[in-house]
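From just these sequences and the hints, can you work out the full model?
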Amino acid sequence: MRKAALGALIAAGLLGACSTHQVPMTYSPAAVQKPPLAKPEVEVLTVTDARKYTGKHLGAIRGGYGNALKTIEASGPVKDVVHKAFEDALKARGLLAAGNGGSYGLDITVEKLDCSQLVRKEAHARFRVAVLDKNTGQPVYSKVVEDNREDTGNPFATGVFGSVDELTKMTNDSMQAAIDQALDNPAFLTVVRAR
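Numbering-wise, the sequence shown is residues -22 to -1, 1 to 173 according to mature numbering (1 follows the signal peptide of the UniProt record, and there is no 0).
To be clear, the hints were calculated from the coordinates, so they are not data collected in a lab. Treat the hints with care, as some may be off.
Stated by the list, open to error - Simulated pairs of lysine-lysine, DSS-like, Cα-Cα distance not exceeding 27 Å:
hint : residue 1 : residue 2
1    : 147       : 17
2    : 12        : 69
3    : 30        : 112
4    : 112       : 69
5    : 90        : 34
6    : 121       : 62
The structure is reproduced here in structure tokens:
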């Protein structure tokens, strides 16, 4: 009887520690500089989520057996979050076209945007960015950009003590760094005539 009660108590404790957290993922244009010849000529046409886990899923803080204790999700579908982040980044650079008025369109594939923590924290972002000439519909530029982050941090702040906020910030910073790589690349700026 005691073993059954103890087993039920342990199971309740483990299940009680499991939770899902919806987190905002935004682009913050604090340190962005406008390209010298920036014109509002670029729009985001499509964003495709090609990750293994699609939808809102970003990752999890895991327990000692690899079980998800704190699941982390974006506040909306990742493809929509990335679409908005790229638009905000283009706007901060003076490149975002109003409505459908751009000469160039971005076709973005989210190959990776995730995070995890077992002991160390990890966050990854990888986007395939293609620029299409809207007059011809032909691609004129393509590049894969990637940012990977890792932090050992406090070895005691793991499992149920792991911080959703810290892991979310790391993931958001990784997304932003990958977007900055894409839009600050000299070849990209030359193609969209902003350089």
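Status of the hints after comparison with the structure:
no.	hint	verdict
1	147 - 17	31 Å, violated
2	12 - 69	9 Å, holds
3	30 - 112	30 Å, violated
4	112 - 69	19 Å, holds
5	90 - 34	13 Å, holds
6	121 - 62	19 Å, holds
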